[in-house]
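K.L.:
So you can see what is in the structure, the chains are spelled out below.
4 protein chains.
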Amino acid sequence: MRYSFRDDYSEGAHPAILKRLQETNTIQALGYGYDPWSKQARELLKSIIKQPQAAVHFLCGGTQTNLVAISAFLRPYEAVIATQLSHIAVHETGAIEYTGHRIIEVPTRDGKLTPAQIEKVVAVHRDEHSVRPRLVFISQATELGTVYTLEELAALRRCCDALGLLLYIDGARLSNALGATQQTLAQIARYADAFYLGGTKNGALLGEALVIVNSALQPYFRYHLKQKGALLAKGRVLGIQFLVLLENDLYLHLARHANKMAQRLAEALKQKGFNFLVPPQTNQLFVWLPKEVVQKVRSVFDFHVWIEEKERCCVRLVTSWATTKEMVEAFLALLP
Amino acid sequence: MRYSFRDDYSEGAHPAILKRLQETNTIQALGYGYDPWSKQARELLKSIIKQPQAAVHFLCGGTQTNLVAISAFLRPYEAVIATQLSHIAVHETGAIEYTGHRIIEVPTRDGKLTPAQIEKVVAVHRDEHSVRPRLVFISQATELGTVYTLEELAALRRCCDALGLLLYIDGARLSNALGATQQTLAQIARYADAFYLGGTKNGALLGEALVIVNSALQPYFRYHLKQKGALLAKGRVLGIQFLVLLENDLYLHLARHANKMAQRLAEALKQKGFNFLVPPQTNQLFVWLPKEVVQKVRSVFDFHVWIEEKERCCVRLVTSWATTKEMVEAFLALLP
Amino acid sequence: MRYSFRDDYSEGAHPAILKRLQETNTIQALGYGYDPWSKQARELLKSIIKQPQAAVHFLCGGTQTNLVAISAFLRPYEAVIATQLSHIAVHETGAIEYTGHRIIEVPTRDGKLTPAQIEKVVAVHRDEHSVRPRLVFISQATELGTVYTLEELAALRRCCDALGLLLYIDGARLSNALGATQQTLAQIARYADAFYLGGTKNGALLGEALVIVNSALQPYFRYHLKQKGALLAKGRVLGIQFLVLLENDLYLHLARHANKMAQRLAEALKQKGFNFLVPPQTNQLFVWLPKEVVQKVRSVFDFHVWIEEKERCCVRLVTSWATTKEMVEAFLALLP
Amino acid sequence: MRYSFRDDYSEGAHPAILKRLQETNTIQALGYGYDPWSKQARELLKSIIKQPQAAVHFLCGGTQTNLVAISAFLRPYEAVIATQLSHIAVHETGAIEYTGHRIIEVPTRDGKLTPAQIEKVVAVHRDEHSVRPRLVFISQATELGTVYTLEELAALRRCCDALGLLLYIDGARLSNALGATQQTLAQIARYADAFYLGGTKNGALLGEALVIVNSALQPYFRYHLKQKGALLAKGRVLGIQFLVLLENDLYLHLARHANKMAQRLAEALKQKGFNFLVPPQTNQLFVWLPKEVVQKVRSVFDFHVWIEEKERCCVRLVTSWATTKEMVEAFLALLP
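Chains as they are written, first to last, in the numbering used here: chain A, 195 to 530; chain B, 195 to 530; chain C, 195 to 530; chain D, 195 to 530.
Simulated from the structure, these hints should not be mistaken for lab results. Think of the CB as a built atom: it goes at the ideal place given N, C-alpha and C, for glycine as much as any other residue. Keep in mind that a hint or two might mislead.
Computed list of lysine to any residue pairs in SDA-like fashion (alpha-carbon distance at most 25 Å, straight line) [unchecked claim]:
| # | chain 1 | residue 1 | chain 2 | residue 2 |
| --- | --- | --- | --- | --- |
| 1 | A | K233 | B | R200 |
| 2 | B | K314 | D | K454 |
| 3 | D | K454 | C | T220 |
| 4 | A | K454 | A | M521 |
| 5 | A | K213 | B | P209 |
Okay, the calculated beta carbon distance ranges per label pair [claimed, not checked]:
| # | chain 1 | residue 1 | chain 2 | residue 2 | range |
| --- | --- | --- | --- | --- | --- |
| 6 | D | Y414 | C | H498 | 49 to 57 Å |
| 7 | A | V318 | C | H498 | 48 to 56 Å |
| 8 | C | T308 | B | Y414 | 23 to 31 Å |
| 9 | C | K485 | B | T343 | 34 to 42 Å |
| 10 | D | N408 | A | Q376 | 57 to 65 Å |
| 11 | A | E502 | B | T518 | 36 to 44 Å |
| 12 | A | P230 | C | K314 | 31 to 39 Å |
| 13 | B | D443 | A | E502 | 26 to 34 Å |
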C-alpha cells in the first residue's frame, strides 16, 4: 500500500493507549461509563479546564457527538448556524436534520464564521414562519485547518451572549488547534457552552470527550446518549483511552507532532513555490499542485484530491501523531 | 470490589483480540470499514452463514444496531412487533420510537414471541388509522436467557412470510444461544431477514456484526449508518475484533464457556432447591432467592436484582467468557 | 344511504356556524389566527375557564392537536402514559411515536387511567436505560364514552403533581362529558396542564381549541404549530366557528342534545334487556347485540361493529348534535 | 381597517363554495375523504389532468402538504434540492427538516431552479458521507411570482429523469401560473411526479389538492396523512370546495381575475416609472417604491415590505379572486 497522507486516523492507537487497555483488561468494572477510569478521566478533564461543574461524556465518534449534543440542546423549532463547509453541513449525511433541526448555512472562504454573519442570520429569522436560530456551530481547528484566534472566539462568545445563542465547538482536531497556538483547553471551555475534544484523530482507537460547560444543558444528558445508541456498554474502553491522552498532556504532544510534520511539509511546499487554498496552521494542508505532479506523487502516496480543475488540483495532506519524518521527506523528494 | 455476576461485559476483551489490535496497530488502512481486516471479517462471516449475497456491517453497540437497522428497514408508518420484555421496548430509552416507529408489544412469560400473537396483532391493524405492522423483533437468546428452537424459528419465518413481515433477530447473545444448542449461524441466517451477532457481550471491547440477509434491505445502508453516527472512522477496530472472534469459531468457544459456567451455577442452585423464573438455558440465570440469602451473598458478589418481593428476590446471574470456575464455586459456597 | 350512527361527524356544521361564515365572508382579516374573530374566541374561552394567562390555539383536528401539543411539551427522552385504548395508542397511526416519543400503555376496562397505574409506571422507569415518563394522557369523555368524575380528575392531578408529571386531556368529546355531568370547562382547566375542546365532533366543520393552562408550556408554541403544518392561513375559519360555539354555550347545548339522544337509545336498549360493554354516559354507546339483530338493523342503519364474537357483536352507536328523535325511534323500532 | 394587498387569503371563500357547503350541509356522509363530493372532486381532477392512475388527496394547507408529501416520498438519507427562496427553505419553520430531511439550497434571482444547478448539486453528493439528493422542489408560480415556461419544465423533467430524481411542484399559486400562460393542469401533471393545486390562496376556506402522478409514490399514502394529522375527519369540507373550484374551471377564472388585477397594477406602476424586483407575471408584484411613497400609501393600504433599504423599499402587492377594480384604482391614485 502507498503511504497515506489521507487522514489522521489511518493507524490504530498510540502505544500507550494499547498498553493501558492491556494492563486493565482483566479488572472487572461497571458498564456505561461508571468504571473508575472513566471517572478519573472525567475528573482530570474538568480540572484541566478548571470547570468543576462541567459535565463530561465520552462518545464514539464525531458525527455521533455532534448529533447527540445538538439534538439534546435544541427544541424542535430551533436551528443551527454554521458555515457551508462545516462538517455537519457536508459530511454527516444530514445527521442533524435527521434529528429534526435545520442548519442555516453561511458562506466562508477560510472555514470561519463571523459575528456579523450570525447577526445577519438572526435579523432575518423573526417570527414563527421561520426556524429560530439558537446554536452556533464552529470547528476548532476548522474544516480547512485554520484556527480561530482567542479574540475571534471571544467576539463569537459576546455575539452569542447578546443574541441568546449557544456556542458549540466541534473539536475533532481541537488538540491540533491548541498545539498550533498558545490556546488552552481551559480557554476553550470559557468560550463554549459545550465542545468536544477529539480522540479518534489524535491517537485513540475511537472516542471523543464531550464537555458540557453550561449547566443548563446538562440534565438528563445520559438519556440522550442512550436513546441515540451512544452509551457504550464497556464505557471503560473510552475512559481508559482519554485517561492516557489527558495524563501528562499526551493529547498535546501528539497534536504538536502532527502539526510539526505538517509544518515541515508546508514550508518545503512554499519554498518550492506552491500555493495554498488557505494558510497552513495545523495538521491539514490544502495545496495547489499541477496535475502532472499529482499524478506522479499519487503513485507512491495516498491523499485526498479536494478540488479538481483542468490543469491543477487542490490536494489535502493530513499528518498525524503517527506520521514519520522519513515519509514527509520522501514525499517532498518527489516534488519538482 | 466484589466479584461481579452483573453482566457479561465487566471485563475488557479476550486476550486474542488485544493481541491482534497490537500486531496490526501501525499498519495504515482506509477508514470507515474499508480496511482489509473488516473486509476479511465480512467475507468470513458470509462464508460461515453460506449467504454470499448477504451484507455485513460492523457497529458499536446493540441499541445502535437495533435503531439503525430497524429505522432503515421501515417506512414511517410501519411498526415493530415485539414482546413487552424486549430490549427495544424496555432498555433502549425509546430509541426506536425516536426514529419514529411504534413498537406493538405483546405479553410474554418466557421472553418468546409466538406466531399466534403476531397474527392477532396483524388482524387488528387493518387500515390507515393504525400503524402497519411490518417487522417482527425477537432476541436469540431472549432477554430471559431462553432460546427459540429451530422449529419455533421456522414457524415464525413461515408466519412472517404469510403476512408480509420482516423477521429481525437481536443477537446480543446469539453466540450463547448457538453454544447452548445445535443451532448454527447459517441456520439463523436462513430464518432472518436480518440479524446481528453480538461482540460486546462475547469478548470484544465493543462491536456487533449486523447481517442483512434480505437483499431488498441492503441498498444505501451505509448512508443510514453514517447519518446515525454509527460509521466508525477507524472501522478496523471493529473489523479486527470480529476477524479474531470468527476465526476458529472463537465466538462459539467463548459463549460455550460462559454457558458452562452458568450451567454449573444452575445445577447447584437446583440441587439446593432454588427455583428459577424461567428454565436456565444460556448464560443468564434468573433465580429466586430468600432475601436473607441475597443479603449475605451480596456482600461478596455483585449482581442485578430483577424482581423484589417481600420475602424473596429474583436475582439475575450472568456469566461470561471471563468467568472463572473459582468464582462460581465461591458463589455456591455461600449458599445454604 | 342508510342513516348513520357511525360517528358524530357525519354532517356538515351547525347552521349558526355556516351563517356566521357567510356573514363575515367578505371582511378582510389578517391570517394565521390574527383575525378579530380568533382573538375574540380566544378571549371568550379564557374568560369561560377563568384563566386569563392561558394560551389558546385553534387547530384542525384531534390527531394534529395531540401530536403538536405533546411533541411541544416533551423533551426527546420523555414519554407519555396512556391507556391501551387511548386514541393516540390505537387510532393515530403512530403519530406520537413519529414525533419521537414512546407511549407507555396501561390496561383498562372502562377507558380510564388510575393514579395507581401511573405510580407503577413511574416506579419501573428509573434510569437512563428507559424513557422518562413525563405526560399523562387521558380523554374526557374516554374512548369508551365514560367520564372521569371530578374526584378522579383531582386524584390524577395530585398524582401528577407528586410525580412531576404533566396532565393532558384529549377533549375531542369534552363537551359531551360536561353535558353529561355538572363539570365545567373552568374545572377541567384547573386540573389540566393543557387540554383541548373538540369542535369537529360537536358541530364544527373542523377545529379543536387547544388550551395551554400551564405557562411554562406556552412559549414558542406557534413555532410548533407552523412546523407541523398546523397553522392555518385563514385562521378565521377556525376562530369564527369557535366564537359561535362558545357564545351562549352553544357547545354545551349541542353536546346535551347528542347525550339526550344517546340516553334515549340506552334506556330503551336496557329495557329490552341488552347489555353494555361499559355503562353509557355520553353520546357513545357500546351495546352487545345478537348477530341476527345486528344483521337486521344494519340494512337500515350504519354503525361501527366494535367487537365481533361468534354469536354476538358489540356495536358502537354514536349520536350527535344532528341526530333526530325520529331516527332514534326508527332504530329502536327495529329491535326485538 | 386598511384595505389589504398583503396576501391572497384575506377574505373567506368564494360565494359558490359557501353556497355548496350550505346545500350539502345536512346530508350524512362517510368521513376521512370517503364522502361522495371528495370522490367526485378526485375523479374530476384526474380527468382534467388525463391521468386516470393518479392519486388525489385533499389536505388543509401548503406547509402540511409539502411536509406530508416530501417525507412520504423520501427515505431518511435522501434530500431535497430547492432554491434559497423556496417556501420550504424560508417560510415553513424547518418543517421538512423536522421530518428528517436536508434541503440543499441553491441561489436564485428570479425564484427559479435550473437543470445546471441540479446537476452541480448531484455531482458533489457522491457517497454515504453526504445526503443523497432525490427530490427537486419547485414552486409554480415561484415565490417571486414568476412562472416556469413549459420548456423550462420539460428541461427540469429531463434532468430529473437523467439523474434519477423526483420532481415535485408546490402549486400554492398554480392556478395563477396557469391563468397567466397557456399552460394546463394536464401539462403540469405530465412533468411532475407529484404536485399540488392550491385552494387556500384561490378562493377556498382552506385546502390543497395533492396529485401523486407517479404510481410508485402512491401506496400507503393515507397512512402518512393520518400520521401527520392531515386526514380531516370531515373530509367533505375539502372535497366540496374542490368540486366547486374544479367545476366549470372556477379555479382558472378566479386566478385570472387575480392576475388581471395585478396586471392593471403592474402596468400603471410601470408607466409611473417604478421598477420591479422581477418582471410581474402573476398575482404577486414586487415593486421598488421610494420610502415616502410607501409611507403615504401605507396609511390607506396594507401590504408586505419585502426588502427595506435606506431610501426605498421593495413592497409585495398581492391580488386575489376578491380584489376589486375600485381598490386597485384607489391604490394607484395615491401614487405620484
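K.L.:
Does each hint hold? Answer for all of them.
P.N.:
Outcome of the hint check:
For the suggested pair K233(A) and R200(B), the alpha carbons sit about 20 Å apart, so the restraint of at most 25 Å is met. Proposed proximity of K314(B) and K454(D) is contradicted: the alpha carbons are some 60 Å apart, above 25 Å. At roughly 20 Å between alpha-carbon atoms, K454(D) and T220(C) fall within 25 Å of each other, so this suggested pair holds. This hinted pair checks out: K454(A) and M521(A) have alpha carbons roughly 13 Å apart, not beyond 25 Å.
The straight-line distance between the Cα atoms of K213(A) and P209(B) is roughly 13 Å, inside the 25 Å bound, and the hint therefore holds. Between Y414(D) and H498(C) the beta carbon distance is about 23 Å. The supplied range of 49 to 57 Å is therefore violated. The given range of 48 to 56 Å is respected by V318(A) and H498(C), whose C-beta atoms sit roughly 51 Å from each other. Roughly 47 Å separates the CB atoms of T308(C) and Y414(B), a value that falls outside the hinted 23 to 31 Å.
Between K485(C) and T343(B) the Cβ separation comes to about 40 Å, which falls inside the hinted range of 34 to 42 Å. Checked against the hint of 57 to 65 Å, the pair N408(D) and Q376(A) passes, with Cβ atoms roughly 59 Å apart. Separation of E502(A) from T518(B) is about 59 Å and departs from the stated range, judged on CB atoms against 36 to 44 Å. The given range of 31 to 39 Å is respected by P230(A) and K314(C), whose C-beta atoms sit roughly 35 Å from each other.
At roughly 47 Å, the beta-carbon separation of D443(B) and E502(A) lies outside the given 26 to 34 Å, and the hint is violated.
Taken one by one, the earlier hints fail for this structure at numbers 2, 6, 8, 11, 13, listed in ascending order.
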